[in-house]
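There are 4 protein chains.
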Amino acid sequence: MSSTLFTPGAITMLAGPCSIEDVEQMETVGATLENLGLHWIRGGAFKPRTSPYSFQGLGEEGLAMMQDVGNLHHLKTLTEVMSSSAIPLIDAYADAIQIGTRNMSNFSLLRDVGIAAAKSHKPVLFKRGMSATIDEWLSACEYITMGGSSDVMLCERGLRTFETSTRFTLDISAVPVIHSRSLLPICVDVSHPAGTAIFVPDLAKAAVAAGADAIMIEIHPNPAKAKSDGPQQLTMVQFEKLMGELRQIAAAIGKEIV
Amino acid sequence: MSSTLFTPGAITMLAGPCSIEDVEQMETVGATLENLGLHWIRGGAFKPRTSPYSFQGLGEEGLAMMQDVGNLHHLKTLTEVMSSSAIPLIDAYADAIQIGTRNMSNFSLLRDVGIAAAKSHKPVLFKRGMSATIDEWLSACEYITMGGSSDVMLCERGLRTFETSTRFTLDISAVPVIHSRSLLPICVDVSHPAGTAIFVPDLAKAAVAAGADAIMIEIHPNPAKAKSDGPQQLTMVQFEKLMGELRQIAAAIGKEIV
Amino acid sequence: MSSTLFTPGAITMLAGPCSIEDVEQMETVGATLENLGLHWIRGGAFKPRTSPYSFQGLGEEGLAMMQDVGNLHHLKTLTEVMSSSAIPLIDAYADAIQIGTRNMSNFSLLRDVGIAAAKSHKPVLFKRGMSATIDEWLSACEYITMGGSSDVMLCERGLRTFETSTRFTLDISAVPVIHSRSLLPICVDVSHPAGTAIFVPDLAKAAVAAGADAIMIEIHPNPAKAKSDGPQQLTMVQFEKLMGELRQIAAAIGKEIV
Amino acid sequence: MSSTLFTPGAITMLAGPCSIEDVEQMETVGATLENLGLHWIRGGAFKPRTSPYSFQGLGEEGLAMMQDVGNLHHLKTLTEVMSSSAIPLIDAYADAIQIGTRNMSNFSLLRDVGIAAAKSHKPVLFKRGMSATIDEWLSACEYITMGGSSDVMLCERGLRTFETSTRFTLDISAVPVIHSRSLLPICVDVSHPAGTAIFVPDLAKAAVAAGADAIMIEIHPNPAKAKSDGPQQLTMVQFEKLMGELRQIAAAIGKEIV
Chain C
-12 MSSTLFTPGA ITMLAGPCSI EDVEQMETVG ATLENLGLHW IRGGAFKPRT SPYSFQGLGE
48 EGLAMMQDVG NLHHLKTLTE VMSSSAIPLI DAYADAIQIG TRNMSNFSLL RDVGIAAAKS
108 HKPVLFKRGM SATIDEWLSA CEYITMGGSS DVMLCERGLR TFETSTRFTL DISAVPVIHS
168 RSLLPICVDV SHPAGTAIFV PDLAKAAVAA GADAIMIEIH PNPAKAKSDG PQQLTMVQFE
228 KLMGELRQIA AAIGKEIV
Chain R
-12 MSSTLFTPGA ITMLAGPCSI EDVEQMETVG ATLENLGLHW IRGGAFKPRT SPYSFQGLGE
48 EGLAMMQDVG NLHHLKTLTE VMSSSAIPLI DAYADAIQIG TRNMSNFSLL RDVGIAAAKS
108 HKPVLFKRGM SATIDEWLSA CEYITMGGSS DVMLCERGLR TFETSTRFTL DISAVPVIHS
168 RSLLPICVDV SHPAGTAIFV PDLAKAAVAA GADAIMIEIH PNPAKAKSDG PQQLTMVQFE
228 KLMGELRQIA AAIGKEIV
Chain D
-12 MSSTLFTPGA ITMLAGPCSI EDVEQMETVG ATLENLGLHW IRGGAFKPRT SPYSFQGLGE
48 EGLAMMQDVG NLHHLKTLTE VMSSSAIPLI DAYADAIQIG TRNMSNFSLL RDVGIAAAKS
108 HKPVLFKRGM SATIDEWLSA CEYITMGGSS DVMLCERGLR TFETSTRFTL DISAVPVIHS
168 RSLLPICVDV SHPAGTAIFV PDLAKAAVAA GADAIMIEIH PNPAKAKSDG PQQLTMVQFE
228 KLMGELRQIA AAIGKEIV
Chain W
-12 MSSTLFTPGA ITMLAGPCSI EDVEQMETVG ATLENLGLHW IRGGAFKPRT SPYSFQGLGE
48 EGLAMMQDVG NLHHLKTLTE VMSSSAIPLI DAYADAIQIG TRNMSNFSLL RDVGIAAAKS
108 HKPVLFKRGM SATIDEWLSA CEYITMGGSS DVMLCERGLR TFETSTRFTL DISAVPVIHS
168 RSLLPICVDV SHPAGTAIFV PDLAKAAVAA GADAIMIEIH PNPAKAKSDG PQQLTMVQFE
228 KLMGELRQIA AAIGKEIV
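Chains as they are written, first to last, in this note's numbering: chain C, -12 to 245; chain R, -12 to 245; chain D, -12 to 245; chain W, -12 to 245.
Just so you know, the hints here were simulated from the structure itself, not pulled from any lab data. The structure displayed is predicted, hence computed values, not measured ones. Note that the Cβ used here is the ideal one computed from N, Cα and C, for glycine as well. It is possible that some hints are incorrect.
[Stated by the list, open to error] Example chain R residues on the side facing chain D (calculated, C-beta under 8 Å, incomplete): (1) V10; (2) S38; (3) S70; (4) S71; (5) R89; (6) M117; (7) S118; (8) Y130; (9) G135.
Next comes chain C alone, as it looks inside the complex:
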C-alpha cells in the first residue's frame, strides 16, 4: 500500500464525513470503508464555515479520533489545513493534507504547506478555487511544489455559476484538461457540486468514466443529524451500493477502485 493518494491504473476513493463529530460516527464510517477494501478516510476538524456562528469543528480532539479509527481499520487519513499555524498539528495526525477551495489563492499557506509536506513526505490534495481558471490553479500549485513537495493531487470541486439546482457546477472537463496539461493526478469531489445526495451517484459515475484518478465523497451514518453539509452526504447503505456501481464502470475502462 503506497503512501501517496495516487496509484497508477487505479482510482483512489477518498470518503468520510464532512465534519468529524464523535467516536461512534467515525467508527461506523471506518468499519464501512475497511469492509469495502478501501484505504483512506477523510474528515474535517476545522471547518471553514461561511458564518462564524456555525459549527467550527472539533479541532485536535477530532484529529485524534480520526487517527484512532484509521489505525483500527487500516485506513490512512486526510484532512484540511486552514492556516499556517495549524500545519504542525495537522502534520502530527494526518497522512495527507488538503488545501481547500477558499484557500487556493492563499499563497503564503500554499508555500508553508509545500515546505512542511516535503519534509514529512506527505501528499497534498489541492482543491481548485470555485472561480479559478485551470491556468490559475496550475500556477498556484507551483507555490506548493516550489517548497519541494511534488506529491500533489489536484481536486476539482465545482465552479460558482448562475445555476442553482446544484450547489456548484461540476466542471467535469477539468479531468481531460488537466490530463492534457499536467503530469499531476486529478481527483473529483462530487459532493460539494451536487449539494444534494440524490445527485451524487451520477456525478461519481461520470467522474470515474471521465478518467479521474480519485473520487472524494462525503458519507455520514445519519446525514439528517450531520453538523455540516448534511443534505449532500450519503448514508453507508447508499455508499455501498454506489461503490458496486462505480466498480463496474471502473472495470469497463480497465481500472479498479482502491
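With chain C's structure known, arrange chains R, D and W on it following the hints.
Relative to the frame of chain C, chains R, D and W by itself:
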C-alpha cells in the same frame, strides 16, 4: 426502429458533421454510422454563426444531401431550424427538428415548432440556452409542448462561464437534475462544450455514465478542412474507437448504444 | 427634435412601463414624460415571458394605445419586436424598434429588422444578450447593419452571474468599452439589472456618470398592480425625483437629458 | 482629520501604486496626493501574484518607504496583509489594513486581523471575493467584527465573469445593495475591474455617482515600467484630470472628495 429520439434502456447516438458541406463528406459519415449499427445522422444546413461573414450553410441543397444519405444508409436525420419561416422546409426533409441554444428563449419559434412537430409527429431536440437555468429551460419547453408536441428531448450543451480551457463548461449535473424533475429524456452534446477534439471522448464517457439518454457528437471525415467548428470534430477513426469504449461503459450500467 | 435615439452631447431618456396595460396607465405615463420635457415613451405589447402561462401583452391594441398617447403628448414610441412576422405591425405603430436580450442571437430576426428599419428609416435599439461577450454583441450587430440600417443604438441590460441580490449584474464597464471600440451609441437599461426599484436610482446615476448616451427606465403609475416586472418599476413621483438628480449629474459632465 | 477610512458626506480617495517599488516612485505619488488635498496613500509591499515567479513586493523595506512618504506629505497609509504572521509588521507601519479579494474566505486571517485592528484602533478595508455573493461577503465580515473591530469598510472590486474586455466585471450594484443591507461604508476599487487605464475614469465617475463612500485607484509615475499591473494604472497627469471631473460629479450629489 422507433421514430423517436428516445429508446428506453438505450442511449441514442446523434452523430454527424457540424455543417453539411458536400456529398462525399455526408456519404463517408453515413457509411460509418450504418457500419456501427447506429440509426441517426445529424448535420447543419443553416448555421447560426456569430459573424454574418462566416459560412452560413448550404440550405435546402444540404438538407436534400443529408436526406439522400439517410435513405441510402437507413439513417434518420436531425437538423436545426432557425426561424419560423424555415419550419416547412425543415419538416419536409428531416425526421427530427433541433432548436439550438441561441433560440432557447425565442418563444415564438418554440411555439411554431411545437405546433408543426405535433402535426407531423416528429420529435424535437431542445437545447439549453448557454446561460439558462434548468428552471428557465423547463419553463421554455412548455412553449413547445403546449402546441401539442410531447415528443421532446432536452439537450445540455455547456454553460457560458469564465473558464476558457474549454469552449463552454459542460454542466454534467444537468443529467441527474433533469431526471429528478422531468419525465423528458436528456441528451448531452459533448462537442460544443469541449471545443477541442481531444476532450470529447472523456466528456462522452462521462455523459454515458451519468445516465444521459442520448449523446450528440460532431464528426467529420477531415476536421482540418471543415467549414465550421473544425477543431472540435472527431475523425471517423476517432469516432469508431470511442464508440467501442462507450459501448463498454454503457454495458456496465446495463444499457446499449443505438 | 431628431428622429433618432441618439443626440450628440445629450442623454436620451427612454422611460415607460414594462407592459402596456390600459389607456389610463399610458396616459399617466405620457403626461409625466411630457411635463419633464422628454421625447420618448417605451412600452411592451408582446411580452417574452419565461412561462407561457404568464401575461403575454396586449398586442396590436397596446401598440395603438401607446401611439395615441405619443401623439397626444408629443412623444415618439419605442417597442420590442419578437418575431419576423411581427415586423410590419411594429413598423406601423412605433418610431423605433427594440430587439430584446433573448433575441440577440436570433440572427434571422436581426437580418429582417435591419432590412425593415432601413426602409422605414427607423432607429433600432439592440440589447445585449444576458451572457454575450461584447465581441459577440458587436458581431451580431452586423446582421442588422448589413441590411442597410445604420441607425443602431446598443443597450447594456445586465449579465447573468451568480449574484442574486440583483436580478442581473449590470456591466457598467460596457459603456467605456463600447465607446472605445465602436462608433455606435450605447444605452443602459437600469431596471432589469436592478430587479428592485430601490436600486434603480443609483444605477441610473452611475450610467449617466459613466457616459451612457441613453438611459432606459421602467416606470408605472402603480407598480404593485403591474402585470409584469412590478418590483423594478418606479412610480411617477420616484421618477420625477430621480430626473432632477440625473440632470444635476448630467450637467456636471456637460450634458443634458432629453 | 479622522483616523478612519470613512467620513460622512464625503468620498475618501485611496490612491497609490499597485506595488511600492522605490523611493522616487513613492515620493512622486505622495507629492501629487498632497497637492490634490487628499489624505491617504496606498501601496502593496507583499504582492499576491498568481505565479510564484512574478515580483513579490519589497516587504518591510517597502512599508518603511511608504511610511516615510506618508509622514512627509501628511498622508495616512493603507496596505494589504496576506498572512496572520505578517499582521504585527503591517500594524507597525500602516494606518489601515487591507484584506484582499483572494483572502475573503481565509477566515483565520479575518479573525486575527479583527483582533489586531481592534487593539490598535485601525480601520480595515475588506475586499469582496471575486466570486463571492454579497451575502457571503457580509457573513465573512463578521469574522472581523467579532474580534472587536467595528471600523470596517467593504470594498467591491469586480466579479469573475465570462466577459474578457475588462479584467473583472465591476458590480456597481453592490453600492446600493450594501447601503440597503448594512451600516458599513463601501469603497469601489475601479482599477482591478477595468484592467486597462482607459476604462478607469468612467468607472470612477460611475462609482462616485452611485454613492460609493470611497474610491480606490491605482496610479504610477510611469505605468509602462510598473512591476505589477502596469496597464491599469493612471499617470499623475491622468489622475489629476480625473480628480477634477470626479469633484464636479461629487458636488452634483452634495459630497466632496477627501
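Hints the structure violates: just list their numbers, smallest first.
1 and 9
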